[in-house]
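K.L.:
Residue-level listing of the chains:
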Amino acid sequence: MDQEQGTTVTIDPGPDKVLGPGHDFGTVTDKIGGVVYRSFLDTPRQLYVGFACAFLLVNVLLVAVTWLFYRGVGVWGIVIPIAWGFAIVNFVWWIGIGHAGTLISAILLLLKQDWRTSINRFSEAMTLFAVACAGMFPILHLGRPWLAYWLLPYPNTMWLWPQPRSPLIWDVFAVSTYATVSFLFWFTGLIPDFATMRDKRPATIPGKIYGMLAMGWRGSARHWARYQKAYLLLAGLSTPLVVSVHSVVSFDFSVAIIPGWHTTIFPPYFVAGAIYSGFAMVLTLAIPVRRWYHLEDMITMRHIECMAKVMLGTGLIVAYGYAMEAFMAWYSGDQYERYAFLNRMWLGGYWWTYWLLILSNIAIPQLLWSRRIRLNVWSVFVISLVVNVGMWLERFVIVVTSLTRDFVPSSWGMYYPTVWDWATYAGTIGVFLSLMFLFIRGLPAISIFEMREVIHHAEPEHAHGD
Amino acid sequence: MHTETKVAGQLEQLYGLMAEFDGPESLLEAAHRARKAGYRDMDAYSPMPVEGLAESIGFRRTLVEKIVFCAGLLGATGGFTLCWWMTVIAYPHIVAGRPLNSWPAYVAITFESMVLVACITAVVSMLALNGLPQPYHPVFNVKEFERASRDRFFLCIEATDPKFDAAETRTFLEGLDPRSITEVEP
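Going down the list, the sequences are from chains H and P.
Reading the first sequence from the start, the letters are residues 41 to 506 in this note's numbering.
Reading the second sequence from the start, the letters are residues 1050 to 1235 in this note's numbering.
Note that these hints are calculated values from the structure, not bench results.
Where is the CB? At the ideal position from N, CA and C, for every residue including glycine.
Any given hint might turn out to be false.
As the list claims (entries may be wrong) - Quick list of in silico lysine-lysine cross-link-like pairs, DSSO-like style, CA-CA up to 27 Å: (1) P:K1212 to P:K1085; (2) P:K1192 to P:K1212; (3) H:K152 to H:K269; (4) H:K269 to P:K1115; (5) H:K349 to H:K57; (6) H:K248 to P:K1085; (7) H:K152 to H:K349; (8) H:K152 to P:K1115; (9) H:K152 to H:K57.
What the hints assert, rightly or not - Okay, the calculated beta carbon distance ranges per label pair: (10) P:N1190 to H:K152: 30 to 40 Å; (11) H:W190 to P:R1084: 37 to 47 Å; (12) P:Q1183 to H:I245: 18 to 28 Å; (13) H:L192 to P:F1189: 39 to 49 Å; (14) H:L151 to P:N1150: 38 to 48 Å; (15) H:P328 to P:Q1183: 38 to 48 Å; (16) P:A1139 to H:I413: 17 to 27 Å; (17) P:R1084 to H:Q406: 52 to 62 Å; (18) H:P185 to P:R1084: 55 to 65 Å; (19) H:M368 to P:Q1183: 52 to 62 Å; (20) H:G247 to P:N1150: 51 to 61 Å; (21) H:L396 to P:Y1140: 31 to 41 Å; (22) P:A1086 to H:Q153: 51 to 61 Å.
Given these sequences and hints, build the entire structure.
P.N.:
And the structure:
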């Protein structure tokens, strides 16, 4: 029952199939479960190296945060008028990355896309960890982070309440709801797989831990009926939620009157950008992992090509957003809008970030129109990295460049990130990657029961021949 | 096909009789026939959801959606009331000349509260109605049942069924052409 398939050669079935040949209910179970139950020393070496690097960055974060708590937010490069520096850039970047996970797990479930299944678990975990990284930044940026609970409405001796007319408080609700719902979605999906892991090795300590997490799941038809209903409801509720979260994040900017922020296109353009960067991150993670763990027959070229297409599509929406910003700067006739745009392009000190952003978010991803490039894993991987950088630059351009030049020249300024800005940013990347590495080592990174469903629907007659 | 028999005398303490099948189609067929034969207290176990299986053992109402709908209403009402109460009753102050009850600004929090409460309720009510977490269940006494989360499909007719009779039910299950039939200890 426990055949490990560590060293078998796996073949990618190409861009038309979501699953390699020769799989039945038992083999998918053993293959995905085998990744988790592999002996510790048998872990792919890349995972060790990757985790070591990521964990080093976690320690960088700890140092950076300790110094921040000791000295205050002055250790960062933020000044007046640029009070929102890297912290907010990174917050928006991370939360955007999370959006692809919810899109894959919820929206593609409702749309019944077959290529969703082997990447949904993985991207839900990515969402969870990205939101955890995102959540850190506004709190660190508070100046007195130990008073973060003041953001929540709770009865206090001062009888003060948060201001629910402010998008910043909407954000508190949106992000905390998003984090909770992402966790619920992820955990609910894991319950039947915990049961599988429990039944594989019931007598071992990991088996017992999985058993506790499975809560006695036994696959009863009644349970499945309620489970599927609950899962569908979660998907239905997460779909508008994911749209609302980045819309609310964009309100943080667009409700303010700063030129470059005060734009009605922000909500849809932020949501598209979020999905764009999220798919880029899923590709950045999935391409190496499928290679290290020989999962090419489950995360196939079809998955990669579909994700590349979504990236291309959302990238075009983002391009439309940029074009519309330029158009409105001219068409509004507002001198401040117009100046903000010229400042972004060549007048200000950050003109090169704008052109780098156009290059990496709009120009380079156009290569994905070519099927040959979409079907080349390495080119897709490189483009996904470029888009990750590009989307970070986009947030930098929006947050920092707009703040450097507002209405009155006497209040203009420049922002220069310090080493602590970079250390905090790199540190959260470390947290994110460490958690991802631990996740793919300790939990089934591909939804096993949903893979069985894929097999059942694909070829019902061959599904159970053992 | 092989069958196991236990010593007589343990029979009155039976939880039920469990038949093991190879695939979802044969389980579905078996469940249909068991229901047609008049059995009501039974359950089918599968490693993944099988369309129509719950209906075939006579299970129709999941209730989850109704509970979640109520929870969503409650969450939305709660979210809106919170905003209204904070700005109109508890800490009233006028911002930009807007009325105290500036309801359009409350929409975001109302929506997020609705989603939060509805989602938590969806998961909690699903688990509660399923009776989970459940530390012990008789079906786990069956050795083969560890494959119920891998690649085997089971139908268990429970001893509480009025039509249940150890010998007769076994004959009936044998007629369904299962892989094996096992007695489930309570």
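K.L.:
Of the hints stated earlier, which fail here?
P.N.:
6, 11, 16, 21, 22
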